[in-house]
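If you're matching them up, the sequences are chains A and B in order.
Quick note on our numbering: the first sequence kicks off at 1 and runs consecutively.
Quick note on our numbering: the second sequence kicks off at 1 and runs consecutively.
Simulated from the structure, these hints should not be mistaken for laboratory data.
Hints should not be assumed to be uniformly reliable.
Stated by the list, open to error - Now the stretches of chain A that chain B is said to cover, found in silico as 3 or more residues with beta-carbon under 8 Å:
no. : segment
1   : 200-212
2   : 371-379
Unchecked claim - Residues from chain A shown here face chain B by an in silico Cβ test under 7 Å; the list is partial:
no. : residue
3   : Ser86
4   : Met88
5   : Lys90
6   : Thr91
7   : Gly129
8   : Ser172
9   : Ser290
10  : Ala313
11  : Ala317
12  : Ser404
13  : Ala406
Remember, predicted model here, so these are calculated numbers, not experimental data.
Each residue gets a CB set at the ideal place from its N, CA and C atoms; glycine is no exception.
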Amino acid sequence: MTDASMTPAPAKPKRSSLSVLDARTRKRNAAETRFRMYGVAAIAVGLLFLVFLFASILRSGIPAFTQTVMDIEFVLTQEQFEEAESKMLKTGEYQKIFVNALQSQLEESGLEVAFDNKAIERIVGKPGGTIRSYFLENPDRVGTPVSFELAASSRVDGYFNGRVTRENIVDSRFLMASDLDLVDALEEAGIIHGAFNWNFITGTDSGVDNPGGAGLGASVIGSFFMMLVVLFLSLPIGVAASIYLEEFAPKNRWTDLIEVNISNLAAVPSIVFGILGLAVFIQFAGLPQSAPLVGGLVLTLMTLPTIIISTRASLAAVPPSIRDAALGVGASKMQSVFHHVLPLAMPGILTGTIIGLAQALGETAPLLLIGMVGFVAREYPEGFLSGFTDANSAMPAQIYTWASRADPGFYEKAWGGIIILLLFLITMNAIAVILRRRFERRW
Amino acid sequence: MSFVKLAASALTLSAMAATTATARDQVQVAGSSTVLPYASIVAEAFGENFDFPTPVVESGGSSSGLKRFCEGVGENTIDIANASRKIREKEIKACAEAGVTDIIEVRIGYDGIVFASQINGPAYTAFQPADIFNALGAKVLVDGAIVDNPHQQWADFNSDLPASDIVAFIPGTKHGTREVFEDKVLLEGCEATGAMEAMITSGMSEDDAEDACIDVRQDGGSVDIDGDYTETLARIDANPNGIGVFGLAFYENNTDKLKVATMGGVAPSTETISTGEYPVSRPLFFYVKKAHIGVIPGLKEFASFFVADELAGPDGPLAAYGLVADPELSATQATVAAETPMGGGS
Chain A
1 MTDASMTPAP
11 AKPKRSSLSV
21 LDARTRKRNA
31 AETRFRMYGV
41 AAIAVGLLFL
51 VFLFASILRS
61 GIPAFTQTVM
71 DIEFVLTQEQ
81 FEEAESKMLK
91 TGEYQKIFVN
101 ALQSQLEESG
111 LEVAFDNKAI
121 ERIVGKPGGT
131 IRSYFLENPD
141 RVGTPVSFEL
151 AASSRVDGYF
161 NGRVTRENIV
171 DSRFLMASDL
181 DLVDALEEAG
191 IIHGAFNWNF
201 ITGTDSGVDN
211 PGGAGLGASV
221 IGSFFMMLVV
231 LFLSLPIGVA
241 ASIYLEEFAP
251 KNRWTDLIEV
261 NISNLAAVPS
271 IVFGILGLAV
281 FIQFAGLPQS
291 APLVGGLVLT
301 LMTLPTIIIS
311 TRASLAAVPP
321 SIRDAALGVG
331 ASKMQSVFHH
341 VLPLAMPGIL
351 TGTIIGLAQA
361 LGETAPLLLI
371 GMVGFVAREY
381 PEGFLSGFTD
391 ANSAMPAQIY
401 TWASRADPGF
411 YEKAWGGIII
421 LLLFLITMNA
431 IAVILRRRFE
441 RRW
Chain B
1 MSFVKLAASA
11 LTLSAMAATT
21 ATARDQVQVA
31 GSSTVLPYAS
41 IVAEAFGENF
51 DFPTPVVESG
61 GSSSGLKRFC
71 EGVGENTIDI
81 ANASRKIREK
91 EIKACAEAGV
101 TDIIEVRIGY
111 DGIVFASQIN
121 GPAYTAFQPA
131 DIFNALGAKV
141 LVDGAIVDNP
151 HQQWADFNSD
161 LPASDIVAFI
171 PGTKHGTREV
181 FEDKVLLEGC
191 EATGAMEAMI
201 TSGMSEDDAE
211 DACIDVRQDG
221 GSVDIDGDYT
231 ETLARIDANP
241 NGIGVFGLAF
251 YENNTDKLKV
261 ATMGGVAPST
271 ETISTGEYPV
281 SRPLFFYVKK
291 AHIGVIPGLK
301 EFASFFVADE
311 LAGPDGPLAA
321 YGLVADPELS
331 ATQATVAAET
341 PMGGGS
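If we strip away everything but chain B, and leave its shape as in the complex, we get (with noise of 0.2 Å):
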């Protein structure tokens, strides 16, 4: 009988538990993983700075925290997504079906792209975006003719390049990073190559060629990876022929492991990323839900102090780990003190 008095108890103990959750004090954040370091520093010394309790910062890539941030408004729902590339007009439309109008986009920065492999690996050290895609497309220009991808080796399209078997480990599709690698890499070497004109004198529409051009290789030359940098890190560690798509920052932490390759001739740096000769670099972004400013302690605050000069800019904590701080910080934070949604300030 003490089992009935023991569930009883357990029952109300839940019951008051869930009573008491009603109010949300802190702010929730959710999305990119190439983000997250950035946001969980910040929130670390948010909470260590003001005194609102400390943010609450979920990893997960991208489009899965935009997903959750378009869920709707409400103590249940995050605050802020954060996204390594722009919301697409998909999201917003879907954003504002479920009630999520006003979004306001905060940009914090740019990281860059790079590839890098295994220390004592192959030297690969020098990439152009036509190598990438000769590497790693399923359709390739071989002797004036597209034809699946036939390329084995490195040197069997570029005899500058070393004779070992071609692995790439690339960002699996729901990271915001893979959009940039098919955009600045796949499309450009594709281009390059001249695979794309030939496509399109094949009869493919424009549409149709570039969706051919971002078609990676099937047959196991190229490698999804939809954990973090670290799962792709792990790859190359047993696999010294295989190259990997990392953040900069992340390369950065990891120079007793990793060698970095140029690409088109530029050495990824946060200098040459910051001017621009660095072709691979993306934005990035948080977005914050207006209707949540007032009703979540913090959030506005939070969102100003990310975007502060001690913080995202060149001389703060976000540069030292690894950021590209934003030469336009300044206009960042005046839109998130005038809270202007998208859309309705430009």
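Chain A on its own, in the form it takes in the complex (with noise of 0.2 Å):
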């Protein structure tokens, strides 16, 4: 016995002990610790990027929401009136009317810097056509003293917003350095000062020498236009159609090759849309072009996929036992799923859809082909029914328009835009999930 424990077998293995980890043991809780650090990891680079994302879509958006406005207040005679209407650009000659009437309340005032009739010009934005369509409207206005809020031109709400400084300006034809002491002037008389830009939000595009005046009003519109034939063609059709293969549909070569083009569909790029609503819905059916009906049914073919198979992982979720019931007690086919089948699935299939709408929401690329991207948005609907068929953009659309001209400013405008769109997806996403949160069951 004593040999025994003195020399131990070579052989055999040495006791572990369960308080005292081994090499072995702690090799794999080493492994476990660094991956679920990798884990962390990937998060945090996740949230970085998500953070670097919205501060700078923040930081160069939210100066779209503030403008630079003039306050002034000037009388437009009868024979000024019936002149300027005279004229073939009727805007430019309110224009040169307005800038008159504020370099005479200049001069009187009294201001000590230099300035002339150019600098002037440089300053104001293109009031003329806010100018014409005001007294239009109200012509017992005219030899009366109106007041008016203006916006003033971009560069003037560049140095309000700092994108251009005292530094960093060159003098050109649309902005002068020493144009800058008159707008200083300007704001310490009170005249010129940054207001919060309602136009922005609901007014129309503009031509691009106005940034002051676009808006993405016009371009909500069309994108609702679009929403709602998207919303009235696709969840019909692609409920059907979910419903059709997942309940009555005998499983066969063709349902199978049917279910492997939806998933295959739901992969096709938006842009492969595009063309085929170009092709069939504008050319061969002579729809109109720029139009949100032919925008909604491109963005419908898109979104099917996505809805038909949300909706049928919801059907497929509801257990067999339910239908199972309703078919024991004497309910035929078609009564069980509509009145059993179908109110279980209904959260899981509102949530599909609305993430297809937002999906579709976003979609620029197919719009680019049916003529929804330029200088479209400049006037709203008249009606509930031209609303479908009046050329309108859509919200991506205008973005992208507005990233692709010259003049700064809208660049801003377009960052400001993505904020307005970023709103609401995130609404629409939020509503999907508290619909899931609020009435999805569990079996």
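Can you join these two chains into the complex? Each is in its own frame, and there are hints to help.
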């Protein structure tokens, strides 16, 4: 016995203890710790990107929501009104009247800066259109003092929010360094100041030389009509297709083929649907270009697979016992589906639809091809029905258009547009999450 | 079952919408991204000053605009194509085949093409067409022989230029600007360096030599930009050594980020372009389908408004944005007023 304990057999493995970790366990634990750290690092990198993205969007986009405006009161005489209306470029004439009124007002106020007519022209934006439409709507105000709040030019706007500074300004015919003295003087006199830019949210697109007048409103309406088309076409078609495939269709080679194709369709790049839309809806069917109706039809094609796949998944998640019970008490197949299965699958279908819609809302590529990019969203649709057919843009298309314009003021507008678009998307996704949380049932 | 109702109402709705869509009441314009800014300024002013709805102006490049223009006559084809070059014989033929015969050509003014680089980048301040050709040509003349372009840095062929890598962002082939770049810079440079002569003496026909001259290198020194000038600007922002090809108006809007180079010793400006001193400029056009005048409301009014003195003249908003006004604008106005189609009138 004693010599057995003195000389243990060399082949016998060492007894391991639960409280003392051996090398292999330590190695396994270390691997796990490392893996967790990788995971945390991956999430941290993701979050960092997100924070960076949001910070840069907010930093570049927030200035789009404020605008530099000038408070001016002036009188338009009847003769001036008639003279301006007789010209070809009427808005240009109103602009001249306005610049002259401003100049005489400044001369009277005795500001201690040198300025001339040209300098004022560079500072004011393009107020001609606003002034003309005001007097056309209120002809009785001609000849009485009217006070206007008019947007200043985009360079002055840039000076107020830091895009243009005295250090980086290069004299050009858009703005001279000497004009900034005048702007400062006007600010001191309280004539020029910053204000919230409602026009950016409600207004329409403007020409490339007038970033101050650009707004997203018309294209929000365009997006709204497109989403109506997508909702009212893709929801019934998608739900009907998936109910048939999931509940009624025989399982054979044909339905397999259809299933594979639906999955493939979900992965087709969206620009392909744009080409299809151009060829089928515009060139063959003769629908109007740049119309939200066509945009909606194209996006319907794109959204259908998403809705079908999510609807089928939520139908399949309803336990067979529900169907069996319904059939067992004498319901027909259709009754069991519409009275029992579909209501239970509804939350899943709705979330799938909303996510599909959100995807469609942010889609730009197919809209490039059906003419919704460019100088389009200049007018609001006249009525509900013409909202579908009147040329209009959509939010992402409008952002794309702005981003490609030369004036840096539009670049800012594009970022501002992204903020609005993101707000819409976040709202829609939040609704989807709330619906799922509230109504989802687990078995 | 509410889905059946829903589906039915959706279908009726879209059918109703489709039937109301038959008559188009606004002018549709597409084409050159260089003309787009001017067209959008005019379109906005047109909507503000007339009772017609504001025209819709799309971009996409001169070639794609003319292609859509030549698709045929009818309300689902565009009325006006913008182009930063003249329409080609081939395109006129394609138009005629599709039934688009009477085309009114309207020249709105001139645009300069400038070479600009990052404001803090190397001193690219003076170029000759020969420099651009030596930097970007596929085959250049080195020591009397035509070889594949060996130049890696600007200083390799001209010691006056900075010793920095050659990277140029030039407009892609679907842009009308590319054609001007080829004709007025590469071809000129090719002749000036003697490469053209060397090619012809080596047995090439003149046409082949011209084609070889406008070939750009494919080894990364020259990058085609198919998008707008904003894309070129973004590339230059990211690459201090890069030089880019821009329209004069775009450069003038971004003088805080870009510095411009002289070409042949002349600095680009509206003055030097209108006098013809600055060599790289081109006329801008739009083409009107005569068959649509009288059918699409406001089409003729829009065309004549576009070239009116108040807009396209030297003091108009287009010139303020960077267009070089056409000294022969009144002839253009007369063409539009008389609806004189191409070929027939001259």
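Here's how the hints hold up against the structure:
With 5 residues having a beta carbon nearer than 8 Å to a beta carbon of chain B, the segment 200-212 of chain A meets the requirement of three or more and the stated coverage holds. With 7 residues having a Cβ less than 8 Å from any Cβ of chain B, the segment 371-379 of chain A passes the three-residue criterion, so the hint holds. For Ser86 (chain A), the suggested interface contact is broken, since its CB lies about 12 Å from the closest CB of chain B, more than 7 Å. Against a cut-off of 7 Å between C-beta atoms, the interface hint on Met88 (chain A) holds, since the closest Cβ of chain B lies about 5 Å away.
Proximity of Lys90 (chain A) to chain B holds as hinted, the smallest CB-CB distance being about 5 Å (cut-off 7 Å). With a cut of 7 Å, the hint placing Thr91 (chain A) at the interface with chain B holds, because the nearest CB-to-CB distance is about 5 Å. Below 7 Å, beta-carbon pairs count as interface contacts, and Gly129 (chain A) has one with chain B at about 4 Å; its hint therefore holds. Taken as an interface hint, Ser172 (chain A) checks out: its beta carbon lies about 5 Å from the nearest beta carbon of chain B, inside 7 Å.
Below 7 Å, beta-carbon pairs count as interface contacts, and Ser290 (chain A) has one with chain B at about 5 Å; its hint therefore holds. With 7 Å as the threshold, the beta carbon of Ala313 (chain A) stays out of range of chain B, its nearest partner Cβ sitting at about 18 Å, so the hint is violated. For Ala317 (chain A), the shortest C-beta to C-beta distance to chain B is roughly 19 Å, which exceeds 7 Å, and the interface hint is violated. The beta carbon of Ser404 (chain A) comes within 4 Å of a beta carbon in chain B, closer than 7 Å, and the hint placing it at the interface holds.
Taking 7 Å as the C-beta cut-off, the interface hint given for Ala406 (chain A) holds, the closest approach to chain B being about 4 Å.
Taken one by one, the earlier hints fail for this structure at numbers 3, 10, 11, listed in ascending order.
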